[in-house]
Structure formats: C-alpha cells, structure tokens
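J.: Listed here are the chains, written in short residue letters.
Number of protein chains: 2
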Amino acid sequence: MVGTEHIVKGYDADLSRLDNMIAEMGGLAEAQLAAAIGALIRFDTDVAQRIVADDKKIDELESQVDDFTVKLVALRQPMADDLRIVITGLKISSNIERIGDYAKNIAKRTLTLAKTPTIGSSVNTIARMGNVVEGMIKNVLDAYIARDAEKADDVRLRDQEVDQIHSSLFRELLTYMMEDPRKIGPCTHLLFIAKNIERIGDHTTSIAEQIHFMVHGEMPSDDRPKGDSSSFTVVEADGTARK
Amino acid sequence: MVGTEHIVKGYDADLSRLDNMIAEMGGLAEAQLAAAIGALIRFDTDVAQRIVADDKKIDELESQVDDFTVKLVALRQPMADDLRIVITGLKISSNIERIGDYAKNIAKRTLTLAKTPTIGSSVNTIARMGNVVEGMIKNVLDAYIARDAEKADDVRLRDQEVDQIHSSLFRELLTYMMEDPRKIGPCTHLLFIAKNIERIGDHTTSIAEQIHFMVHGEMPSDDRPKGDSSSFTVVEADGTARK
Chain A
51 MVGTEHIVKG YDADLSRLDN MIAEMGGLAE AQLAAAIGAL IRFDTDVAQR
101 IVADDKKIDE LESQVDDFTV KLVALRQPMA DDLRIVITGL KISSNIERIG
151 DYAKNIAKRT LTLAKTPTIG SSVNTIARMG NVVEGMIKNV LDAYIARDAE
201 KADDVRLRDQ EVDQIHSSLF RELLTYMMED PRKIGPCTHL LFIAKNIERI
251 GDHTTSIAEQ IHFMVHGEMP SDDRPKGDSS SFTVVEADGT ARK
Chain B
51 MVGTEHIVKG YDADLSRLDN MIAEMGGLAE AQLAAAIGAL IRFDTDVAQR
101 IVADDKKIDE LESQVDDFTV KLVALRQPMA DDLRIVITGL KISSNIERIG
151 DYAKNIAKRT LTLAKTPTIG SSVNTIARMG NVVEGMIKNV LDAYIARDAE
201 KADDVRLRDQ EVDQIHSSLF RELLTYMMED PRKIGPCTHL LFIAKNIERI
251 GDHTTSIAEQ IHFMVHGEMP SDDRPKGDSS SFTVVEADGT ARK
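So the protein lines, in turn, are chains A and B. Everything in the first sequence is counted per the working numbering, starting at 51 for the first residue and increasing by one. Everything in the second sequence is counted per the working numbering, starting at 51 for the first residue and increasing by one.
Pulled out of the complex, with its shape left as it was, chain A reads as follows (with noise of 0.2 Å):
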C-alpha cells in the first residue's frame, strides 16, 4: 500500500508540475503582450527588439509540455479525468504560443513603425483593445490552475468587447488611410497589429473552452457571441466605413 500512495503521489507531483510549467508559459505570454504594448505607445525599439528575441523562451517551454506530457502518459497511463487533463494542458500550451507569437509580430511592427510620422490616436484604442486582453490572458490562467469553469466562461464572454473594439478600430483606421495616403503605410501596420490582438483574444477564448471541456468534459454548448464585423466592414469613395 505504501507503494501505491508513492506512486499515486509522484502523479500528483507530475500534474502539478505541468500547471507550473503551463502558469509559467503563460504568464511569459502576458508579459510579452504587455511589453509590446507599452512599446508601441512609446516607440521603444529596444525593448521590442528584446520582445522579439524573448519569445524563444515561451517555444522552449512549449517543447518542454510536449516532452513532459509524453512522459507522463507513457509512464502514468492516467485514465478518464486525469488524462483529460493533460490533453488540455497540451492544447492550451499550444494556444499560448501562439499567443507569444502574435506579441512578438506586434514588436516587429513596432519597430518599423518607430521609422514612420506620427499616426495619432488609434495607437490609444490599441492600447485600451490589448489591455482588456492582457485581463482575460490573465483571468483564463487564473481559472485554469484553479480548475474554475465559471471563471473561464466569464473570459469567454469578454471576448466580445475585443472584437467590437476591433471593429469600430479597422472603420477609424480605414477612415485615417482615406483622408492621408502618407498614413497609409503606418496605418497598415495598426490594423495589423490590431488584427493580431483580436487574434491573442481568440486564442484566450480557447484556452477558455478548454478549461470549460477540462472540468465538464464537454465543450461549452452555445455559439459564442461575435462582436467583430470588420470581415464585412466595406469603405465608400467618400471615405466613410459602413457594415
């Protein structure tokens, strides 16, 4: 009996361990996004070139979950709700990836928008659109160590303000490109950096579902919300953006 508990409790061990690894890429991510936020609004090139060459950190932790989750299934062989959980925990260090990917493309950017004219106050609404996701980043791993459902669903939920931010964000840019061919150039760069936001959104909202399918075993049932419609945003002449 002894040996049993031994063995049961290095599993224990184990699973906590893959939440550490997995709080930690995670927290890296948001610190990336934060980053390259506060170094779009302030044009800080050298901390965006270290954000650039910082997000080999988050892929050497996503290759570490990938080793060690294999480890822990070939030696562990859980069943049921364990293995549930380690599945998940092999998805979301994939969305978190991909999330310090996106921060990383916003810091590329940045730096050829330091080389570019002034662009006004979008930068502003791009600040106040990655804020609201660094919230959720940060709510979603919260719930993902406490194995809290709820809190992972309200997440889900918030996506929806990102999207309307990003929407009303492309017509604001579109506008900015008509009225000034000079902004068109930089103000590319914004609905991109924009667009790769909204996408870090997406991918919180998945690490959400899956937090959601880790505790009930099931995907959450209802079709999220939309609230972005720049997809379908078309521009006239006149330089007005309509839905």
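In short, the hints are calculated from the structure, not lab data. There could be a bad hint or two in this list.
As the list claims (entries may be wrong) - DEER-style ranges, computed between Cβ atoms:
no., chain 1, residue 1, chain 2, residue 2, range
1, A, Gln114, B, Val97, 42 to 48 Å
2, B, Lys121, A, Leu125, 19 to 25 Å
3, B, Leu125, A, Gly170, 35 to 41 Å
4, B, Gln210, A, Ala124, 33 to 39 Å
5, A, Arg100, B, Glu211, 28 to 34 Å
6, A, Thr225, B, His266, 48 to 54 Å
7, B, Ile91, A, Arg197, 46 to 52 Å
As the list claims (entries may be wrong) - Think about it this way: if two alpha-carbon atoms lie no more than 25 Å apart in a straight line, the pair counts; the simulated PhoX-like pairs of lysine-lysine are:
no., chain 1, residue 1, chain 2, residue 2
8, A, Lys201, A, Lys188
9, A, Lys245, B, Lys245
10, B, Lys245, A, Lys165
11, A, Lys245, A, Lys106
12, A, Lys141, B, Lys165
13, B, Lys121, A, Lys121
14, A, Lys106, B, Lys141
15, B, Lys106, B, Lys188
16, A, Lys141, B, Lys141
17, B, Lys106, A, Lys245
18, B, Lys141, A, Lys121
19, B, Lys106, A, Lys107
Note that the structure is predicted; figures quoted are calculated from it, not measured. Each residue gets a CB set at the ideal place from its N, CA and C atoms; glycine is no exception.
Since the structure of chain A is already known, use the hints to place chain B on it.
T.: Then chain B, alone, in the frame of chain A:
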C-alpha cells in the same frame, strides 16, 4: 496468444482510423482553401457562403479526433513511438482546424469584396500564392500518411516561396492604395486575405515539423529560412514601398 494478436490488431486499426480521420479533415481543409481562392477570383458569393457554412464540418471532425484520441490513449495505453503518433495526430488536427478557419475568413472577405469596385491584378497574385499553399497541404498530408519525414521537410522549405510572394504582394497593395484612395477598402481586405494564406502556409509548415518529430523523435534542428519581410515594410510619402 490469439487474444494478444486480436488486441494488437485492434490497436493497429485504431491508429489507421486516426490517420483516416486526419486525412479526411486535411482533405476538407485543402478543398475549402481551393474553393475560397476560386470564389475570390470569380467573386462568387454562392460558393463563398457555402465555404463559411461548411467550416463547421472541419470543427466537428476536430472534436471527433479529440474524443477518439482520448479514448485511444485510455484504452490502449500506447508507449513510445505509438504514443508519439497519437499526440502528433492531436496537434496536426488542431493545425488543420486553423487552416479551415483561415479559408472561412477568406470567403467572408470575398463576400465583402464582391460589393466593391474591381481591384486589378493583385487577385491573380493571391491566387498564385494560394495554389502554392494548396500544393503544400496536399504534400504534407501525403507525407503524414506515408510517415515520410523527407517529404515533410521539403514542404517546410517551400514555405519560403509563400513568404516571398506575400512580401511583394504587401508592397504592391500598399502602392495601389497610395495611388487611389478608393482602393483602400478593397485592398485592405486583400491584404488580410494574403495574410490568411501566409498563415495557412505557417500552419502547414508546423504540420511538416510535427511529422519530422513523429518520425525522428525530435523537431527539425535548423531555423527555417524566412522569406517574409512584410512586417518590416516602410511606405514612403511618394507611394513607393521599401524594406
């Protein structure tokens, strides 16, 4: 012994069922991309609408792969190589699901573009880029079924071509926008469509790397050459784009 053989045979059948599910999912995503490019060239809103609706099929297949994988690991408790195949299958299905998402997004933007004035030859360049990526998806699926790491490595190298087309397209579209502000709206949608295809290329590359991992037990060691410099493109006030 008969019993053991039966179990082993059942297990092989499970693994080949996983392969079939992934091949079906991949074939569907490839078809969705081909249809999306076709719909874009002809501004065919009927086809575009069908693509948006059909994306659910890929999502459902991903859920089935997830469920099947969990059951397979729980029942068969695979070790080493077999476990690697199962985990790889899970990751590849997640990449295919994203490819389907991007194809759907191209179709959504096509619905919008069909309402705007014609936008010149860039659509043809996008179609060329789309064809390269379609070929990559086809080859990577073949490589997966054949467990052919060399073929997968080959796909990975071809992503450079996609990145190069994307970079030059990015500059071309920005130049059109500078020349004629009425083109800003439609060209912005084309920029995002081009980006979607470039991301599909990235996910296909990621599948290729997973296949390499499945066969060799480690990820490809070299950093893949990157051909995309669009994040670093600066547009001058006179409408020319430089890197």
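J.: Does the Cβ distance between Ile91 (chain B) and Arg197 (chain A) fall inside 46 to 52 Å?
T.: holds, 49 Å
J.: Given the proposed pairing of Lys106 (chain B) with Lys188 (chain B), does the C-alpha separation stay at or below 25 Å?
T.: Holds. Lys106 (chain B) to Lys188 (chain B) sits at ~21 Å (cutoff 25 Å).
J.: Just to be sure I understand the hint, the distance between the Cβ atoms of Thr225 (chain A) and His266 (chain B) should be within 48 to 54 Å; is that true here?
T.: 52 Å Cβ-Cβ, so the 48 to 54 Å window holds.
J.: Going straight from one Cα to the other, do Lys141 (chain A) and Lys141 (chain B) come out at no more than 25 Å?
T.: Cα-Cα ~8 Å, so holds.
J.: Can the restraint linking Lys245 (chain B) and Lys165 (chain A) be considered satisfied, given a maximum Cα separation of 25 Å?
T.: Holds. Lys245 (chain B) to Lys165 (chain A) sits at ~23 Å (cutoff 25 Å).
J.: Using the beta carbons of Lys121 (chain B) and Leu125 (chain A), state whether their distance is inside 19 to 25 Å or not.
T.: holds, 20 Å
J.: Does Lys107 (chain A) sit within 25 Å of Lys106 (chain B), going by the straight-line distance between their CA atoms?
T.: violated, 35 Å
J.: Within 25 Å, alpha carbon to alpha carbon, are Lys201 (chain A) and Lys188 (chain A)?
T.: holds, 11 Å
J.: Is Lys141 (chain B) close enough to Lys121 (chain A), meaning Cα to Cα at most 25 Å?
T.: Judged against 25 Å, a Cα distance of about 16 Å means the pair holds.
J.: Go ahead and decide if the range 28 to 34 Å is satisfied by the Cβ distance of Arg100 (chain A) to Glu211 (chain B).
T.: Roughly 31 Å apart at Cβ, these two residues keep to the hinted range, so it holds.
J.: Given a hinted range of 33 to 39 Å, is it respected by the beta-carbon distance of Gln210 (chain B) and Ala124 (chain A)?
T.: Between Gln210 (chain B) and Ala124 (chain A), where Cβ atoms are some 36 Å apart, the hint holds.
J.: Within 25 Å, alpha carbon to alpha carbon, are Lys106 (chain B) and Lys245 (chain A)?
T.: At roughly 23 Å apart (the allowed maximum being 25 Å), Lys245 (chain A) and Lys106 (chain B) satisfy the hint.
Hints 3, 12, 19 from the earlier list are contradicted by this structure; the remaining hints agree with it.
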